[in-house]
Amino acid sequence: MSVTGCARFRSAQDAEPVVVQAPVIEPELERREIEIAAIDTEDFELGLYAGLMSIEDFGVNSVVGARFAYHITEGFFVELAAGASEGEETSFERLSGAAQLLTEDERSLSYYNLSLGYNLFPGEVYLGGQRAFNTAIYLIGGVGKTSFAGDDRFTVNLGLGMRLMPRDWFAIHADFRDNIYDIDLLGQEKTTHNLEAHLGVTFFF
Numbered sequence: 006m007s008v009t010g011c012a013r014f015r016s017a018q019d020a021e022p023v024v025v026q027a028p029v030i031e032p033e034l035e036r037r038e039i040e041i042a043a044i045d046t047e048d049f050e051l052g053l054y055a056g057l058m059s060i061e062d063f064g065v066n067s068v069v070g071a072r073f074a075y076h077i078t079e080g081f082f083v084e085l086a087a088g089a090s091e092g093e094e095t096s097f098e099r100l101s102g103a104a105q106l107l108t109e110d111e112r113s114l115s116y117y118n119l120s121l122g123y124n125l126f127p128g129e130v131y132l133g134g135q136r137a138f139n140t141a142i143y144l145i146g147g148v149g150k151t152s153f154a155g156d157d158r159f160t161v162n163l164g165l166g167m168r169l170m171p172r173d174w175f176a177i178h179a180d181f182r183d184n185i186y187d188i189d190l191l192g193q194e195k196t197t198h199n200l201e202a203h204l205g206v207t208f209f210f
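Basically our numbering = 1-based index in the sequence shown + 5.
One thing to keep in mind: the hints can contain errors.
Unchecked claim - Label-pair ranges, simulated between beta-carbon atoms:
{"no.": "1", "residue 1": "169", "residue 2": "99", "range": "39 to 45 angstroms"}
{"no.": "2", "residue 1": "105", "residue 2": "138", "range": "22 to 28 angstroms"}
{"no.": "3", "residue 1": "161", "residue 2": "104", "range": "17 to 23 angstroms"}
{"no.": "4", "residue 1": "102", "residue 2": "131", "range": "36 to 42 angstroms"}
{"no.": "5", "residue 1": "159", "residue 2": "100", "range": "17 to 23 angstroms"}
{"no.": "6", "residue 1": "198", "residue 2": "48", "range": "28 to 34 angstroms"}
{"no.": "7", "residue 1": "161", "residue 2": "94", "range": "23 to 29 angstroms"}
{"no.": "8", "residue 1": "138", "residue 2": "67", "range": "24 to 30 angstroms"}
{"no.": "9", "residue 1": "48", "residue 2": "137", "range": "31 to 37 angstroms"}
In case anyone wonders, no lab produced these hints; they're calculated from the structure.
As the structure is a prediction and not an experimental result, all values here were calculated from the model.
Glycine residues also receive a C-beta, built at the ideal position from the N, C-alpha and C atoms.
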């Protein structure tokens, strides 16, 4: 083999291999528009309620009232409530026949209170297996004044409630409260527990 032939053979061996680059395939990604659900920022709540109130020694009677609440956070809220009821005759009055401890006007009971509530168990409930409703079980307690038996009485209220929201602007409430105050009708002061249960509706704005 000649020198020229050897050189050509060596050059062919030393030549770098040709790299063929395949075309890069870039998939066409469809941009998705993410819709963020609107958050209801309506923190005020206003509504009415009705139910039963057991006035200690004066029987069980209907109670009606109104409430106004402000939701400070998702957990805490403050509530201003006012209600009215009517006391019946005591067992002493019925047995004595003639003795009346209170006049008709003094049997009218009215109250107002300012309370702090805490949503203890927020969650959801499914009705009919199709739709979920927001719910919350809450604790509530506060202080106020009760006008009954011809006097204004400092009152402490403690209770438990449940809120069901068919709409983000509308709620149904079920509440149980204990209104605690001191009273003196027969010459001896005592602490009374006046239990109250009511249903109500409220509107957020």
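Checklist entry - Which hints, by number, does the structure contradict? => result Hint check: 2, 3, 4, 5, 9 fail, others pass.
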